[in-house]
Structures are given as C-alpha cells and as structure tokens.
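Using the sequences provided together with the hints, build the complete structure.
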Amino acid sequence: VLAEKRNLGSRDGPPHLVLLVPLHSRAAAHDTLRSLQSQDSVVVGVDEGRAGGFALLCPRLKQRWRFVTAQAGDLHAILDLAKVADSLLFILDPADGWDGAGEYCLSCLFAQGLPSYALAVPGGTDLPPKKRIDARKRLAKAIEKRFPEAKLFPLNTEQESSLLLRHLATQKQRHLAFRDRRAHLLAYAAEFVPSQESDLVGTLKVSGFVRGQTLDVNSLVHIVGHGDFQMSQVDAPPDPLSLNPRVVKGQKRSQDMEVQDDSANGTDEMEEDIKVLMKADPSKQESLQSEVVPDPMEGEQTWPTEEELQEAEASLKANRRVVKVPKGTSKYQAAWIVDDGEEGSQEGDDDDDDDEYDDIDDDMMEEAVSQEGESSAEEEEPAEEECETMTVSECLRDEQYDEKVEEDEQMLARYKQERMDELFPDEVDTPRDVPARVRFQKYRGLKSFRTSPWDPKENLPRDYARIFQFQDFSRTRKHLFRQIEKEETEGALVGWYVTLHVCNVPVSVMESFKEGKPLVLFSLLPHEQKMSVLNFLVRRHPSNSEPVRAKEELIFHCGFRRFRASPLFSQHTSADKHKLERFLRPDAALVVTVYAPITFPPASVLLFKQRSNGMHDLIATGSLLSVDPDRIVIKRLVLSGHPFKIFTKMAVVRYMFFNREDVMWFKPVELRTKWGRRGHIKEPLGTHGHMKCHFSGQLKSQDTVLLNLYKRVFPKWTYDPHVPEPVPWVRSESALLVPEVEME
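In full-length UniProt numbering, the protein residues as written are 1 to 744.
For the record, the hints were derived by calculation from the structure and aren't laboratory data.
Watch out, some of these pointers could steer you wrong.
[Unchecked claim] Label pairs and their in silico Cβ distance ranges:
hint, residue 1, residue 2, range
1, 295, 586, 41 to 51 Å
2, 655, 425, 12 to 22 Å
3, 114, 214, 42 to 52 Å
4, 455, 141, 51 to 61 Å
5, 542, 675, 27 to 37 Å
6, 718, 472, 21 to 31 Å
7, 242, 586, 46 to 56 Å
8, 542, 242, 39 to 49 Å
9, 197, 613, 36 to 46 Å
10, 431, 195, 30 to 40 Å
11, 285, 195, 16 to 26 Å
[What the hints assert, rightly or not] Using 27 Å as the maximum straight-line C-alpha spacing, the simulated DSSO-like pairs for lysine-lysine come out as follows:
hint, residue 1, residue 2
12, 514, 530
13, 530, 442
14, 716, 551
15, 137, 172
16, 682, 692
17, 579, 711
18, 692, 442
19, 645, 579
20, 130, 151
21, 700, 682
22, 284, 486
23, 442, 682
24, 692, 447
25, 645, 674
26, 442, 551
27, 711, 457
28, 579, 442
29, 667, 682
30, 551, 609
31, 447, 674
For each residue, glycine too, the CB sits at the ideal point set by N, CA and C.
Structural data, given as structure tokens:
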C-alpha cells in the first residue's frame, strides 16, 4: 500500500489524475481550479492547454497532479474521465450541497464504480461565523447518506488548498477491478496523420501516461466511444510534466512528424526527438476479427452407400401412384400432375408456413391494430377552419402540447400492458382466426419447468454461427488473470509517457478531441474483441419508473465500453432454465442478455434509455454476470379456459380452444388451475373446442384452468457500437433535469 501511494504522482509514476465534478449549479469548477493554481510559492502551475484543465508540479514535495474537468452537462465525458481518474473532487454548494442534476450524476458514478474521492466546499465566506458553522453542520448531515464518514474541505485560503492537496496525495486509493487489469491512458496530446488512400481514415498518434498495467504494442486498444483498433508502434517522447526537466544540447526537431499548428492539442512536445520503444510484430499481433463468418455449405456431406441407394429406390416404388393423364404425357410431365386431395394438403402446408408468427405477443399485435385505427380516425377528422385573427404563437404552442399528449397516450398504453402482465402473467388469448396448433407450433409443453431436460444446442439461430464460445469461461478468465499477476509482459511500463500510433482511425475521433471531449484508451485482454452472448445482472434504478419492455433498444455502459442493443430480460435463478420477463421489474434483480463483445468480469454496467428529446435516462444498474451462449431463456405462454360443468373430479372446460383438432393436438400437455389443481385432457366434446378434463380434485366455479407452453428465445442482433451523444442537461430552478433545447 505504501509503495502504491508513493508511486502515484511521483517522479517514476504517472501524475495524480484528479477529476473535478461540480454537483450544484452554483458550484463552479473554474473558481476551484483557480484557488488550487494560485499557490505560486508551493505549487508551480503548468498550463496544459486543454480547456478547463491544467497540471500542478511541486518539486519540494516531489508530487505532480493533473486536474481535468468536463463540459457542463456532458454525462459521457464525466463517466469517461471517471474511468481513468485516480481521485474525484466533488465541488459542493455551501448551502444546499447538490441539486437534482448532481444527484443524477452521483447515481451514475456510484453505479460505474467510485475511485478515491474528496469533498470540497468553496465559498461561504459571506455568511457570519455563527451561521457558517450551522451551515457546515447541515451540509455534513445532508451528505451523510451518500458519503458516510466523509470530511468536508473548505477552499477559501491557500492553507486550505494545501490541506486538500495533501489529503488527495496521502489518502488510500480505491481500486476499480475492470481498469486495474488493463493498461489505460488519458490523452494528453493527439495528432492525426491521414492515410494515402483517404483523408477520412489515418493514423492517430496519442500521447499520455500509461496507467494500470504494462502496455503491449501487439495487443488491441479500445478508444472509448469509437471502437477497437490496432497499434503499429509505441514511441517515448520527453515527459512534459517532469519534476526535473533536462536541458538537451543541440536539440533537433523531428523531420518525420507533421506537427499541427493547433497548440490547444498539446502537440508541441511531439516536435522533440522521439525514441521508438517497440514496433508491432504481425505474427504476434491480435486480430481485429470480431465475428465468425459462417459457411452455409459447411454441413457434413457423404456419398450414400449402396444399401441407402437401394432403400431410396424401394421407397420410390412404394410411393408410386396411379394418375389419369392425357395421351402422350411423359413420365416427367405426369409427376407434376397433382390430384385434388394432394392439392388441398399442399395448400394447407403452405398456409402453415405462411402463418408462422414471430415473437410478438397477441397483446402487442392488438395494440398495433388499435393504434392504426386511432391514427386512421385522426386522419379522417376534418381540419378546423382557419381563424381570421393571427394567433400563430398560441397555435404553435397548442400543437407542441398536443404532441406531448400523444406521447402521454402511448405511455398510458404501456403502463396498461405492464399492469396486465402483473395481474395475468404470460396469459394470452387463443386466436379465433388461426388454429392454436399453428399459432403455437414452436412451443412445447413441459412436465416440470425446473427438472424437465432442455438441450442447449437445439434449434440454435443463425446468429449463433457468428459468435465465439469458451469451453470453460471461468477457467480461461482465471488463467488470464493469473498471467497478468505473475508474468512480466514486455511493453511500456506504468508511469511512462508514451505516444501510441493507432492504425485506421476515423478522423471523427480527432474532431471530438478538438471539441474538448476526453480521449480515453484501454488495452484489450485476449478475446475481448470477439462477439458472444453477455449476461448482466441488473436491478431497476429507483429514480425511473417508466415501463421498459424487453427487446427495446437500450444504451449500455459496460466497463470501458458503450454500445446500443435490444436485450432480453429473464429471471435470476440457480436452475438450468430461466423464464423470460416481458418488462423490467422494479422489485427484483433480473438478468439482461445481449449480443456484445466479450468482456471479462468484474465489470459494472449502466443501462440508459434515450428519450425523444435526446436525453438519456438511467433505468438500471448492475454488473456483468457471465459470458454464456448456453444460458437458456424460456418464454412461457399461458392459455386459459373456464370450467363449464363441474363434477367430482371431472369438468368440462371451454374457451381454451375453439376447434376439435386443437384439443387433440394439445392433449398430452398437463393442465393446472390457479387454485392449485392439476389435471389432463381426456377427450374433446363436440367441434367447438369444449373438452372433458380430469383433475386431482373438485374445481371451484371461480377457478381458471391454465395450460403452459414454452419456447426458447434468443436476443436480436442489434449491437451498435456507435452511441449518440446525449443532449446536455442544464440545471433548472426546480432542481430537475431539463434539456437545453426545451430551456431555449
């Protein structure tokens, strides 16, 4: 612990990276930076050139710090900087502490993983001394829930600033597991060199201090928010934040590097002599292949034996039929002539194929039909006559208000669906226009959901041919982590100031860096660029209560990655089969299943949902559970019927099916009732779906007969690594999150 503490911020280690996070609209980060920077007698201020950030060097204490801050309201920038920051400095308001936006930011940071932190309270000198003490007590009581046993540091004098810096340097460092096992780097400077083929793609030269682990040039690197890339070489330029800068005689400028004139990107140090540390070896370099390219002709094909040929000829002879044909018809033409009976059966088979439904439930289909009816009715309504008086602003306001009302109606429909799913879980109505044996032909019955076998390799979708799977994921993970802990890998050591040459990077990465957004790089462990099925264990965040349906597009922040996907929700149990949940439950932990790149746990996960106005709402938080394509998620459908005539242990049930063939088709499936009776179908009665059933006891007239059907479901391949930037939120007077567009 002492060695780690002494290394951080020292001459041999990386600078102590501190992220300033204002938690209130009245808490300004620039004033805090100015108060920390004004100590010329102890701390030497070095202008870094980045907007809102700088570095501090203290040769007397042999410490160096780097302070960074994000743009106001930019949640992605705050989360990205918190992934690599050594300490967080929360800036509070002396009266209120934090507002609604600060609470939202704290929720995201706590869910992602909180490194070491400190609480600073600038200002408050205008209050009388007695009221100042009372305000401090109230603030300490307010922050006790979020930060138990935390100490408040006032920032009004140089002495108080020195105490804060000393506390940041000497406090115990909290570890984040997903970054401690990977080399990571926050860009101090960047330069883009376009390729010869196109100006849109080129080599990105990123300079910064290596943190976490040793950086190997043959491994892949992930630029947060932009994707995975390969490196060509690693250089060692002079350290721009050295405590003992050396003066080199006859210093030459590098002729090979094209230096940009933009000094705001900190590329001045790249002009000096650069030492090449290592170059990538193509034979050892990790591949960027993320998916398996399936071969549709890969199936096993063997030449049939003589016995199989004889059996085929015998079956052809047995299946010969006598058909009346016109004179002069050849055998080939006669084979195409179809009898009337065969024609009807073939049409029936085609109808079976055409009537296959997808995974959408009947209630969703009914909802879509009802919405179409409402929209058509609205289109048929005659338009109102124009008024003679000019009231354009009011009309516009009314139209905008009507748009919000339409959104409210859609939300009301979703609330009703969620409520119906709570009252009648998994129950659907048997369709009248389609036979039940056709509508539910992909489903099966189970004697016991818990103990009945289900083969995990049965009827896999075509997307499973594109993913990777481990024979033993936990064993591979332990082996990799053991290698990281024991073996010495060659590469750039922790604390070195290096320049990474990242290949085939789009120019948009450099443009976002010029706009002031942070550029964060993480090295990938082996296999972490490959696609598989990831399972996350999440719990609904209490700040959000809107219904979230399965297969809706959500935004994932998993460890150091960001991506969009449409997940499945399922129960978290110890069994080998897990029931699908149609909605994200607020009262239980659920497992979220998606196609995504492999990530070795532990890793935190945050789930966001994008509003229509572009803002991102935090809906769930949790952690990575496993990487397991064999995890079986079962969708259950419940068909319900009502007892029509009740005898001692027999009953006539109706309204579950509506034709005799459906009753015969589902006869092997066991029945149950809501009051705990079990039974089975004995025989159909009539032709309208009535059936005679035998139960374990006499039914009550108010009981309901249920039949469970099951089908394995798989997530949709909707993985998208490009996540749109959220609309920056501003703090309103009511301490609620309001997008800038609406405020304007």
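Taking the hints in turn, this is what the structure says about them:
{"no.": "1", "hint": "295 / 586: 41 to 51 Å", "result": "holds (45 Å)"}
{"no.": "2", "hint": "655 / 425: 12 to 22 Å", "result": "holds (19 Å)"}
{"no.": "3", "hint": "114 / 214: 42 to 52 Å", "result": "violated (26 Å)"}
{"no.": "4", "hint": "455 / 141: 51 to 61 Å", "result": "holds (59 Å)"}
{"no.": "5", "hint": "542 / 675: 27 to 37 Å", "result": "holds (35 Å)"}
{"no.": "6", "hint": "718 / 472: 21 to 31 Å", "result": "holds (29 Å)"}
{"no.": "7", "hint": "242 / 586: 46 to 56 Å", "result": "holds (53 Å)"}
{"no.": "8", "hint": "542 / 242: 39 to 49 Å", "result": "holds (48 Å)"}
{"no.": "9", "hint": "197 / 613: 36 to 46 Å", "result": "holds (39 Å)"}
{"no.": "10", "hint": "431 / 195: 30 to 40 Å", "result": "violated (57 Å)"}
{"no.": "11", "hint": "285 / 195: 16 to 26 Å", "result": "holds (18 Å)"}
{"no.": "12", "hint": "514 / 530", "result": "violated (30 Å)"}
{"no.": "13", "hint": "530 / 442", "result": "violated (31 Å)"}
{"no.": "14", "hint": "716 / 551", "result": "holds (7 Å)"}
{"no.": "15", "hint": "137 / 172", "result": "holds (26 Å)"}
{"no.": "16", "hint": "682 / 692", "result": "holds (6 Å)"}
{"no.": "17", "hint": "579 / 711", "result": "holds (10 Å)"}
{"no.": "18", "hint": "692 / 442", "result": "holds (25 Å)"}
{"no.": "19", "hint": "645 / 579", "result": "violated (33 Å)"}
{"no.": "20", "hint": "130 / 151", "result": "holds (20 Å)"}
{"no.": "21", "hint": "700 / 682", "result": "holds (19 Å)"}
{"no.": "22", "hint": "284 / 486", "result": "holds (20 Å)"}
{"no.": "23", "hint": "442 / 682", "result": "holds (23 Å)"}
{"no.": "24", "hint": "692 / 447", "result": "holds (20 Å)"}
{"no.": "25", "hint": "645 / 674", "result": "holds (17 Å)"}
{"no.": "26", "hint": "442 / 551", "result": "holds (19 Å)"}
{"no.": "27", "hint": "711 / 457", "result": "holds (14 Å)"}
{"no.": "28", "hint": "579 / 442", "result": "holds (16 Å)"}
{"no.": "29", "hint": "667 / 682", "result": "holds (7 Å)"}
{"no.": "30", "hint": "551 / 609", "result": "holds (12 Å)"}
{"no.": "31", "hint": "447 / 674", "result": "holds (17 Å)"}
Hints 3, 10, 12, 13, 19, counting from the list given before, are not met by this structure.
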